[in-house]
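Q: Listed below are the residues making up each chain.
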Amino acid sequence: MGTTDTAPAPSGKDVLNRAGLKLDDYKGHGSTLCAGCGHDAITSSIIKACYDYGVAPHQVAKLSGIGCSSKTTNYFMDNAHGINSVHGRMSCIATGAHVANRTLLNIGVSGDGDTASIGLGNFLHMVRRNVPIVYFIENNGCYGLTKGQFSATADVGSVKKGGTYVNELPPVDICALAMEMGCGFVARSFSGDTQQVRTLIKAAIAHRGTAVLDIISPCVTFNNHEGSTKSVSYAREHEDPLHELDFIPHFAPILVDYQPGETIVVDMHDGSKVTLKKLHADHDPRNRDRAMLLLHEVQRTGHFYTGLIYYHDETKVFAEELGLVDEPLATLPTEKIRPTRAVFDQIMAGYK
Amino acid sequence: MGTTDTAPAPSGKDVLNRAGLKLDDYKGHGSTLCAGCGHDAITSSIIKACYDYGVAPHQVAKLSGIGCSSKTTNYFMDNAHGINSVHGRMSCIATGAHVANRTLLNIGVSGDGDTASIGLGNFLHMVRRNVPIVYFIENNGCYGLTKGQFSATADVGSVKKGGTYVNELPPVDICALAMEMGCGFVARSFSGDTQQVRTLIKAAIAHRGTAVLDIISPCVTFNNHEGSTKSVSYAREHEDPLHELDFIPHFAPILVDYQPGETIVVDMHDGSKVTLKKLHADHDPRNRDRAMLLLHEVQRTGHFYTGLIYYHDETKVFAEELGLVDEPLATLPTEKIRPTRAVFDQIMAGYK
Amino acid sequence: MSTVLPEPISRESAEDDRLVYNDAVVHIGTTNGSGSQSANLILLRAVCRMGIPVSGKNLFPSNIAGLPTWFTIRANEDGWLARRGRSDILIAMNDATAAADMAELEPGAMVILNDVLKKLVTRTDLRVHAVPFNKLVADACPDHKLRKRVINVIYVGVLAWLLEIDTESVAEAISHQFAGKKSAVTLNKAAADAGYEWAKNHLPRHPGLRMRPSHKTQDRIIIEGNEATAIGLLFGGTTVLAWYPITPSSSVCENLIDLFEKHRSDPATGKATYAAVQAEDEIASIGFVLGAGWAGARAVTATSGPGISLMAEMAGLSYFAEIPAVIVDVQRMGPSTGLPTRTNQGDIAKAYQLSHGDCKHVLLIPGCVAECYEFAMKALDLAEQLQTLVFLMSDLDLGMNKWLSDAFTPPAEGAIPRGKVLDAAALEKVAKFERYRDVDGDGIPYRTLPGTDNPKAAYFTRGTGHKPDAEYSENAQNWQQNMDRLARKFETARKLAPAPIVDEVHGARVGIIAYGSSDPAVAEARHILDVRHETPTSYLRIRALPANPAIRDFIARYDRLYLVEQNRDAQMAGILKVEYPELAAKIKSVLHYNGLPIDAQMIVDGIAGPTERK
Amino acid sequence: MSTVLPEPISRESAEDDRLVYNDAVVHIGTTNGSGSQSANLILLRAVCRMGIPVSGKNLFPSNIAGLPTWFTIRANEDGWLARRGRSDILIAMNDATAAADMAELEPGAMVILNDVLKKLVTRTDLRVHAVPFNKLVADACPDHKLRKRVINVIYVGVLAWLLEIDTESVAEAISHQFAGKKSAVTLNKAAADAGYEWAKNHLPRHPGLRMRPSHKTQDRIIIEGNEATAIGLLFGGTTVLAWYPITPSSSVCENLIDLFEKHRSDPATGKATYAAVQAEDEIASIGFVLGAGWAGARAVTATSGPGISLMAEMAGLSYFAEIPAVIVDVQRMGPSTGLPTRTNQGDIAKAYQLSHGDCKHVLLIPGCVAECYEFAMKALDLAEQLQTLVFLMSDLDLGMNKWLSDAFTPPAEGAIPRGKVLDAAALEKVAKFERYRDVDGDGIPYRTLPGTDNPKAAYFTRGTGHKPDAEYSENAQNWQQNMDRLARKFETARKLAPAPIVDEVHGARVGIIAYGSSDPAVAEARHILDVRHETPTSYLRIRALPANPAIRDFIARYDRLYLVEQNRDAQMAGILKVEYPELAAKIKSVLHYNGLPIDAQMIVDGIAGPTERK
Ligand SMILES: Cc1ncc(C[n+]2csc(CCOP(=O)(O)OP(=O)(O)O)c2C)c(N)n1
Ligand SMILES: Cc1ncc(C[n+]2csc(CCOP(=O)(O)OP(=O)(O)O)c2C)c(N)n1
Ligand code: SF4
Ligand code: SF4
Ligand SMILES: [Mg+2]
Ligand SMILES: [Mg+2]
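Protein chains in written order, with the working numbering: chain A, -4 to 347; chain B, -4 to 347; chain C, 5 to 618; chain D, 5 to 618.
The following block holds chain A by itself, in its conformation from the complex (with noise of 0.2 Å):
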């Protein structure tokens, strides 16, 4: 797990943040999710990354479908609105929330039945429009919450818990997906690296389109056994990092010395790098065609590269497509939103 995070984040956790807010001021109700559940450790990791960030909870929209993972939208952040929707629909739940208020940053989560079974196509095209938000798949293999059935994410060749039944449906490439429909990142990790989630996350806050964060978090319960390849233990065993990753916030610009071609610097949107140092893997996430060629290659062999795999940020996000005002349309003031009497009668006029 090779990602380092040299983030001026604030080092104890009562040190207030540049929100002025404390780490426990991320947390949210106790978690209900079985012991041990990837799901779990990725609250925690959106809990530290958002504190390191900064993050104005009361400017947090945290949306979610409905599994296990969605469920998790209440473990962290309480002081901000929360939507648990319905199954699969959160991406149209999220790109109406941007409409309305533009000012949001969108926090989905989102499970792989979710997202890649029934949710499909309407994620496909929030992605397609980019609307701003750091979308989570918190990815099993497994419809946790109904106790287990493959999902559209389990591998060939996966087995049924205290069944015989192997999967030989080729699992659904939600990143690859997500980059055919334009996303400007894309990042796959595994919910116990906690380095690397983290400051994917932080990368993904400062993403201002979609940013889809495919993790891979074991079921304990229902796919954790011998034969899954979304078990803790595979995943551990497996997981092999494109890069060392950091993020250096906007707000806190520092000086690094960068060994020239052993470290890529991702320049983002809002004046935050992302720096990736290269491990064993060649890959520069600027590059399209080298991001999919790599995520076939994994298609192929079921290899577990984890990081940040593709990045770019020249198209609009989805309030700027519109054209949208500055403020949020939600609480414009009616002077703005009805036009005037004046209007009224030329309207009227027009149908005499």
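No lab work stands behind these hints: they were computed from the structure. Quantities reported herein were computed from a predicted structural model and do not represent experimental measurements. Take these hints with a grain of salt, some might be off.
Selected chain C positions facing chain A (Cβ under 7 Å, derived; list incomplete) [unchecked claim]:
hint, residue
1, Ala296
2, Trp298
3, Ala374
4, Val425
Simulated restraints on C-beta separations [claimed, not checked]:
hint, chain 1, residue 1, chain 2, residue 2, range
5, B, His264, C, Gly274, 55 to 61 Å
6, D, Thr413, B, Pro248, 31 to 37 Å
7, B, Arg336, D, Glu265, 15 to 21 Å
8, D, Glu265, B, Asp321, 18 to 24 Å
9, B, Val151, C, Ala183, 29 to 35 Å
List time: in silico SDA-like cross-link candidates among lysine to any residue, alpha-carbon distance up to 20 Å [said to hold, decoys possible]:
hint, chain 1, residue 1, chain 2, residue 2
10, D, Lys186, B, Gly345
11, A, Lys156, D, Lys266
12, A, Lys156, D, Asp262
Every residue gets a Cβ at the ideal spot worked out from N, C-alpha and C, and that includes glycine.
Given the coordinates of chain A, work out where chains B, C and D with the ligands should sit on it, guided by the hints.
A: Same frame as chain A, now just chains B, C and D with the ligands:
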């Protein structure tokens, strides 16, 4: 339009094909589409290809959703059963029909709205299951039947007819998405290139899994103006066939001398062959990475390549994956679908 | 397709061979996509300019071009503007339907026929005039390519001669139709003139019918319901429109987008004070609306039957998580894909209880274009006030046909009411914020919006069981109490929704209840019942659900009670029978469900018994 | 959560301090995922083996592990097996709920408490026995890791002592539970023995309650409704199952798949004579079913509320294009996501008229597990016979709880009826095949399947307007006639669907109507009403919609008529009020909607007025 067709098809329209039928036997109801609609050209190509191939109409299931394109299943092969279902869900109906009767030849006709908007998720899952079907997307970049709104395949920069609105969202690339879902037969063509379309249809019929045919099919009423990249004239002027295509059916093999390096021969599962004579582009549809790179080039440049983009046939079709009996499930006799009294008693005993 | 009708009331005089003024039905059969629509609108507007009430009903196929389409214009001095089955004059331009269209006419009716269709005439009891349309258009329009576009205007000229329609009004209507396009105006005027001149030279005036100037349309507008709805949504302060195209609701959205583009840019920045999003499907549309409503926008979607079905799951979330949302349902003929271009009121019961589990929704049901406008605003207000889903139940007849109306009432002055929303300042003043607590006893709780900078603001929204403080709960009592509160809120909705319009006639023993686009046909039917059948009737028009108590009283008051609706299953009758079980047996249904706009005579027949064909 | 209940009938003797035999409710509070389920099943089965009727209700959270869960066992000699609110004995194993669980007990109730929870006891009016579970399990189970799995079996032993449950029966139940797994059997027996021995040494027997051998359960089975439904679907000849996981319907599918794998391989080839497809969502599930039904398969899907909503559009296609389909709706508490692990009958009206536009569907409503089995077969038959969508309306209580039942009746001999399908040979014999022609006057047309090798076979299926020959039509008459035929077909369905079960008591003036899982509670309530309130009642149990005319007669016959249902909005009452407007005012509702299985006392209270707590 560099496609020839040397398949030993019956030469005149009244000549009986191997099914003992004439060309007219493949016709359907008169079209009610606008004169000049691209969809009608595809209908003609379907009629001719099925005649050439010697398809048995009663073994065909014609499947469609809702849209101008989806209406066309009524305009060919009146002697086949057809179903015009609901908007965007033909893929589901097809999957059900396939498992109920695996011996049917499924011919599905859909539009870009039907497939790439409302039907996207279900379509991709059908592809993932490799349901045997010749699946047409009659792609006109708009919703014809509801009067010309942009669809999700409208190119960036497309101008709305009679308006100033320019589409800025990236088009959904159905071919690329299908490939990501493991599709083994991916082609793109132009309704006006009837020779190429017909050859592709025959190859698609010979293919045993899902064959996706993304055919640019101009809507002459709503998307044929200047500024449209899906107009007749634009397509005619910009079409760039990847290769000269030929289909040699398994039932009438002929010997042809190929110039090595110039011609690629794709061997199909049933013994048919598709030959591709290289034109200026150097494309081998058996190479997935290359096919993907080609599609990405198209996404960047908007270049209108047509032909067989990708082919492989290693994947089981869905009925095989399910291990179904060879006969149609639909008509299995009672003794095959109702277990014996002894089984009943045994089950009851288990609950005592 | 024509219903058997007796002579209309105001024409009794025709039998004495005197002329009948300002009462005629002209039925025009053309081809879809042939551009006849502009000719028809010119005709409509010319009559209207003469001060004569007029309506236009478009009967079009679910197809883009090449199939038969009909347009029926009814001019009526008394303002009876519902569909009337029997036509006085048929304009037969389409070879595919001319024969059948002629077959349906009453003896003595007039036919204006494109002379190339002459061979299709088999009846001898009609007054057929063959007009050389092709020759006339060739003369009037030198440019070969433009002829197709103006050929239909020739029949406007012919009719102007026959019925004595004011040629000045025709000219004005042409100028209005092609406002700003000079050459089009010239060309169309020439074509109308050509028709007029030819008719003047070759035909007598119509033997029985004439138009003469009146004064019944001053300051009135001609508008489609979907245009009216769009205007209402504009002035209602819609900030988010999410939609997926579907006939017959698309034009609500397309009109609204046009209005948005013209009237809703921020003057300072030129940026949009609205978001109009074409979704990928109806689940997404309603999902966007809920997301936006949750975040505080005034969000709306418009759809028709199939879309309503797809929105079912989200409708339940709106109800249960109490998220404001508005769905405009422009009803078309169902079930299934049905007849996308035919009208029906078949979603009433479906929308009312849309979604699984116990839930009911608020329905606003406009009966005229002015109410489309008013109720669109009202729906937005109520959705936020009640924090729930509100339907605007229009239909294809109301939405896509041309209706004469008084100009609409301008929107109320003052700030748009936004319901019980606590902002940061308001939160300062409360000790505790509990999202689902019934503080005011009306069942309506308070809410806050994401982005509210106050530590009390945040709460968690869910479609699962919850306590007043919005916390998750599977507790039996919590569940039941919350459901009971929602029922209470529905009672508040009953009070806030528009009350019915009641017209009680002294001495009437028959009561009629109807709703939506049936209104003009009911009005005319009441007149016929009164004048011809000596049956005065009282009338209650439902304008919303849940049902207003006045409906109960009305039902109780009459000996015979008929509920007129445009569906097979008597959906509204079912709803009222459940509301008022003690009166259930009284409610008789008059049902119309063949896809055509409802006409007065079928209502008369339903109430007075069928009339014999003379 | 407990309802105020009087002493149960058969215990009146307890007041005289005599022992009560075979009548007890044991309420067990543990933690989800702690493996208590097997202990509870052992207990259930041990009582059953003694010949005593018994039921088990599982009250579990919508969560996988770690949250509170309850299991309630009711043993009753007279066969009253509905939920009874007041428990005689509480087994308190969960620190999170022990205090609240104790608070709900009636004075004098007994508590078996894990001794580590002793500090939670505050009441003095309970008989509390603290048992050293941890110590006992440590002694009985040397392997540290296995202790968690067997600790709960200790209370089985304790109860066996207290209630005099036959230890042999306990041993047999353990063997049954772990059939084939020897070491598990040994371990669990040791744990049960440990509990028994400890109790014997430290506690007196229960002061009032005892179990003693009876003979009421011979040849009876213990089964969940979803298992029964799966067996019905297996023997009904299902060939295509399409599903998307959702609580509480998943186990219908998972059970059916198990059965398929065991019993539906072609003996010759070993290949599957069924397709079981896990879909990507519910729209796909019902789409697969319709595609398969269209192609001739017997296709079924199972789902719950949210899935029903998503299936709305396709439901209309099934109705209108007349494609056989079966949906099993295992109802859970809605609206919205609601309470996924709580029971309700809130989809009745929703399923009945699912989809936009005029349409109604056939509903089969099983009232016991045997009917789950029978009606599953019946649904498949009716769907093909009527060529339409048929719902099987189960619920979570019926589907996921343990029910005692007579062994099911084996399926009928002979070929499965496949409805009016014309194959190639049959087509030879007919002059003309018209898909939607009502040849037999029952509204049901003939159909053909794709793949039929006959030139007459092909037709075009559509959700749009069509003529009897299946050709597209927008014609008003065609539309109306087709809709009228579909209404006629619904009348045929009325005749074919299962008639209600009626138990008329001579002299009764009160009639009760109920359906589904309310049946046992109604039966018990009638007994209470009869014995305690001197109110004999007649009872009609609805088993299907459209409503059978016998329901009308029943309603008419009684002075007071109560319709018991498990939803807030009196959904079935609404349906009947519309069916029988002249009787609408008579129907009073008794409604239960807090998510718990319905109990007899709330019905008694609803009919006789609430009973005071003594
Ligand atoms: C419309 C609908 N269908 C089905 C369900 C049942 N359901 C709840 S969660 C879930 C799947 C969850 O899987 P995933 O998204 O991977 O989350 P996980 O529990 O594995 O984290 C399903 C099918 C539902 N709630 N709604
Ligand atoms: C659920 C649903 N939503 C919307 C519609 C309306 N509708 C009919 S066809 C169509 C789009 C057709 O577009 P496409 O599939 O591209 O076909 P085309 O007409 O362009 O060939 C739409 C939105 C519908 N029939 N059903
Ligand atoms: S079931 Fe699986 S996914 Fe759900 S909480 Fe437990 S471990 Fe996590
Ligand atoms: S509207 Fe367009 S897609 Fe539809 S028939 Fe006409 S040309 Fe074809
Ligand atoms: Mg999952
Ligand atoms: Mg299209």
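Q: Each of the hints needs a verdict: does it hold here or not?
A: Now for the hints, and whether the structure bears them out:
Proximity of alanine 296(C) to chain A holds as hinted, the smallest CB-CB distance being about 4 Å (cut-off 7 Å). Hint status for tryptophan 298(C) relative to chain A: holds, with the closest Cβ pair at about 6 Å, below 7 Å. Nearest Cβ of chain A to the Cβ of alanine 374(C): about 11 Å, over the 7 Å cut. The hint is violated. A cut of 7 Å between beta carbons decides the hint on valine 425(C): the least distance to chain A is about 9 Å, and the hint is violated.
For the pair histidine 264(B) and glycine 274(C), the beta carbons lie near 59 Å from each other, so the given range of 55 to 61 Å is met. Between threonine 413(D) and proline 248(B) the Cβ separation comes to about 59 Å, which falls outside the hinted range of 31 to 37 Å. A beta carbon spacing of about 20 Å between arginine 336(B) and glutamate 265(D) agrees with the range 15 to 21 Å that was offered as a hint. Between glutamate 265(D) and aspartate 321(B) the C-beta distance comes to about 19 Å, which sits within the given range of 18 to 24 Å.
Separated by about 34 Å at the C-beta atoms, valine 151(B) and alanine 183(C) satisfy the suggested range of 29 to 35 Å. A hinted pair counts as satisfied when its Cα atoms are at most 20 Å apart, and lysine 186(D) with glycine 345(B) qualifies at roughly 18 Å. Among the hinted pairs, lysine 156(A) with lysine 266(D) is consistent with the structure: their alpha-carbon atoms are about 18 Å apart, no more than 20 Å. The hinted pair formed by lysine 156(A) and aspartate 262(D) meets the criterion: a straight-line CA distance of about 14 Å does not exceed 20 Å.
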